[in-house]
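The task is simple: from the sequences and hints, build the whole structure.
Protein chains: 4
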Amino acid sequence: MRLEWNRHGKSGIRLVKVRQPDDGSGPHDVIDLTIDVQLEGAFTPVYEDGDNAGCLATDTMKNTVYAFARHDPLHHVESFLLRLAEHFAERPLVERVRLAATEQRWERLSAGGRPHPHAFVQPGGEQWTALVVRERPGLVSVEAGVTNLVLLKTTDSSFAGFPRDELTTLPETDDRLLATSLTASWRYRPEAADFSVRGAIRTALAETFAEHVSRSVQHTLYAMGRSALLACDAIAEITLAMPNRHHLPVDLGPFGLDNPNVVFVAIDRPFGLIEATVRR
Amino acid sequence: MRLEWNRHGKSGIRLVKVRQPDDGSGPHDVIDLTIDVQLEGAFTPVYEDGDNAGCLATDTMKNTVYAFARHDPLHHVESFLLRLAEHFAERPLVERVRLAATEQRWERLSAGGRPHPHAFVQPGGEQWTALVVRERPGLVSVEAGVTNLVLLKTTDSSFAGFPRDELTTLPETDDRLLATSLTASWRYRPEAADFSVRGAIRTALAETFAEHVSRSVQHTLYAMGRSALLACDAIAEITLAMPNRHHLPVDLGPFGLDNPNVVFVAIDRPFGLIEATVRR
Amino acid sequence: MRLEWNRHGKSGIRLVKVRQPDDGSGPHDVIDLTIDVQLEGAFTPVYEDGDNAGCLATDTMKNTVYAFARHDPLHHVESFLLRLAEHFAERPLVERVRLAATEQRWERLSAGGRPHPHAFVQPGGEQWTALVVRERPGLVSVEAGVTNLVLLKTTDSSFAGFPRDELTTLPETDDRLLATSLTASWRYRPEAADFSVRGAIRTALAETFAEHVSRSVQHTLYAMGRSALLACDAIAEITLAMPNRHHLPVDLGPFGLDNPNVVFVAIDRPFGLIEATVRR
Amino acid sequence: MRLEWNRHGKSGIRLVKVRQPDDGSGPHDVIDLTIDVQLEGAFTPVYEDGDNAGCLATDTMKNTVYAFARHDPLHHVESFLLRLAEHFAERPLVERVRLAATEQRWERLSAGGRPHPHAFVQPGGEQWTALVVRERPGLVSVEAGVTNLVLLKTTDSSFAGFPRDELTTLPETDDRLLATSLTASWRYRPEAADFSVRGAIRTALAETFAEHVSRSVQHTLYAMGRSALLACDAIAEITLAMPNRHHLPVDLGPFGLDNPNVVFVAIDRPFGLIEATVRR
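Chains as they are written, first to last, in this note's numbering: chain A, 1 to 280; chain B, 1 to 280; chain C, 1 to 280; chain D, 1 to 280.
Calculated directly from the structure, the hints in this document are not laboratory data.
In the SDA-like style, the derived pairs of lysine to any residue whose C-alpha atoms are separated by at most 20 Å in a straight line are:
#	chain 1	residue 1	chain 2	residue 2
1	B	LYS17	B	PRO73
2	A	LYS17	A	SER181
3	D	LYS17	C	TRP128
4	A	LYS17	A	HIS116
5	D	LYS17	C	THR129
6	B	LYS17	B	HIS76
7	D	LYS17	D	ASN261
8	A	LYS17	A	VAL262
9	C	LYS17	C	PRO254
10	C	LYS17	B	ARG269
11	A	LYS17	B	TRP128
12	B	LYS17	A	TRP128
13	B	LYS17	B	HIS71
14	B	LYS17	B	LEU74
15	D	LYS17	D	HIS75
16	D	LYS17	D	LEU248
17	C	LYS17	C	GLY256
18	A	LYS17	B	GLN127
Right, dumping it as structure tokens:
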């Protein structure tokens, strides 16, 4: 028996890069990639003999992607992958490098009629909801909403001043990336008959997310709910659920690189979940 | 022991309505809903005694949604649910009606710089892909693509003239709704260095989908691939995979209603899957 | 430009076969497959010219799978696919046939210590749940449950005698396949301190599902809830949610075949959803 | 306007605990939980004023779960949640605590006819696959396999001796938890007609996973492939894909606790992916 073919690599490397002018002025861009690295080569002793002397750790492949992303302009993903491929091809025993990337698009939000410099929406996934509950004649509740409206801002968000106990390790931050997948549902006043307000409410929610200087998800959630109520008389209350889609800055220090909120890893689980109802 | 609370209903009713002017002129609209019907009431004998005399079949709930959708303008989902709620509230034993809808948005495609009258794209879900395979110096393949680009046209699509054997039951049709979730991947010429063509290729694919008079998914796929190659010299070949996201006209005949391609059910599985590579 | 490669087929064909002795005695078996058919061949005119004369409809592929399943013993999926491959290989223009199947296993349920002749559980997917809500000292609610416990019985289930209105088309049936994905959650009595009852409750639920002669999902749900309360004094009430995972007998009449509850298609959406709470 | 209701918490906390006798002898147990923490209370200033003085960080909730898991016997999840609830109820401003857990079951593997002390299989999710490709008469390939067979061992796995470059940060380990979701596919010899070997191959794969003293995923993969070929003459080769489902020991040092491979966090992405074909 023999090893006929082998391949090893790291899959599902989540890389979110915030691209910004070197002098800190000007608008930000967001590039959101999920990358798979796969290497083939003369790795038979790793398999047959348990000899790891030639086994490039998949953890190192992940580190490589983040380190290269620090200074790569990432104007085209293809070019980024080509640079990575050259690097991996030079590792010992490697004979074939396969790099795949999937890019999730982010669109710039508008606020006040102008493109916002650092707030974004992930197009798609957003769905509209409606709910009618009829108890008896004259007692009918109508709710409507949006779900999975994915929003992100690259700055104007902090989280500090929270209580610390013996189980608290989270550092304070005065500048973080904030992302959420918003679910909002508003209840119409009993007499409401005009159900055309969805667009106005959605605009109020998204613009407030973009422009609010956030001290916490809770703080921004309340501002968004308040804006929605101000934007539309027909609704009596609004409930918002905002999972905190954590994006953590990658520690590039071991590679001699700084990371001034440029290279992030997006975390699926666990996630903070903030929910509240705002009423007139 | 006793039945403390009960609810029964139909969930996941897929309703796609094509709204068009009565005289057949003018542009189409697409409304895409997934509806849950839930009824509470005095149904204890159904549970405790197996007595179905008062048990509204969930299949009938589904029929009701489709029948009501035939002539409802569906300008606001909330109003549609209110009408359905009145109907269900009048069924025997019903005490509480809960109707929930999730709406998937479709945006009108543009073609030739103008909004297309009957072709649509489902915003979101679309992702961009890239793939680099490096075999050795000088032998590097670069591919890029889009995946999950969901397209739909409400007319200009037929499927007829196919062979019939003893296992064929599909009727021929000269006018059907056509929807797909496109995955396209193009291979750059070896010397290509400009990776900025994605937008142009995507436009060529989407516009051809919109404007092609389709005799089959295969027929449209080839036209789309050809357009992409014409639009962009940098690519050598393109591979397309187009699942046929079947939308079947609902048979409203049992309810005394016609259905001239107005009310559809969207089917998840099975699905046709058409794949091909077009090369210069 | 030219068509370099092509493939078309049907994916996601859901086939559930109930295998039973010819004389109707003896235990049933369930085989649950999802099949993909893919054909390659000389189909260029379909793509380039819109000429469907040689285009085997993917709908016919689906019909073929169901018709072949009627009398195939399905002892080994590999053999079934080989027979199908021979058939498709003989269709005009076909040069290569690729058939893939994924099989979902079903295990026979036990009841009263013996294997049940026609009730099954889908191993896996089942998860255990727990929920603690603490309002204030002394006011703490403890619930526990199981979710996604997938059960199926091939007979001893009917649905008839339900009211018919002008929107009712469902025929009555005195013998149908019944399947569900059970979610159950029980609330402990306030003073309960023994949380080891999960196994006993799960057994009561599954055995009652197997042995109950069902007139409706509601009817069986109530019997299951009652059994759980009888099996365990520590719980005060139980809530069950039972989606009706519809399995419809395939109409094989057009192919000259009968179908005495042997060949089914499993439907994902829509689904009936029956929920209730049973309390002491 | 006012804040009518609020709730904040951490969702999707992945906790895998390995329970073992204090003296290190005897078999291990695995408890695999996903926990949601939700707190309600007098948190209005957090929302309305951006005042975080009373805002318990959701990151601290996560830490609390891991710290409590270190010494909790976890015999019943309900009891663990009750202890956590008491702790959270004593935090400032908290008025209501809601704790939900979902438990994924692991079953002990057998090897050599006896229960294995530290190797487990996650029941369910496992599916069986088959693939027939017919090129022309006499040229037919038959493959079969299993997919999503989820295996875990709590010890007898190391990863050390791999090369270190400037991008390597992974520490060496001589004792780690190893988990995978196996996909295996074997190709039958051309003349094979007996397709009943699946059980024997599955047993060989699972037993070898359990008993192999692993120096890497690659090392164990090869041993498993070799065992499968030895167990069954009818197959010519086998291809295995083994994603490394990383389970990382939680750093409990900040809370004054050790963690001798007892409390783990399960990571979804990224994951190592090891693939190979073993042939006679």
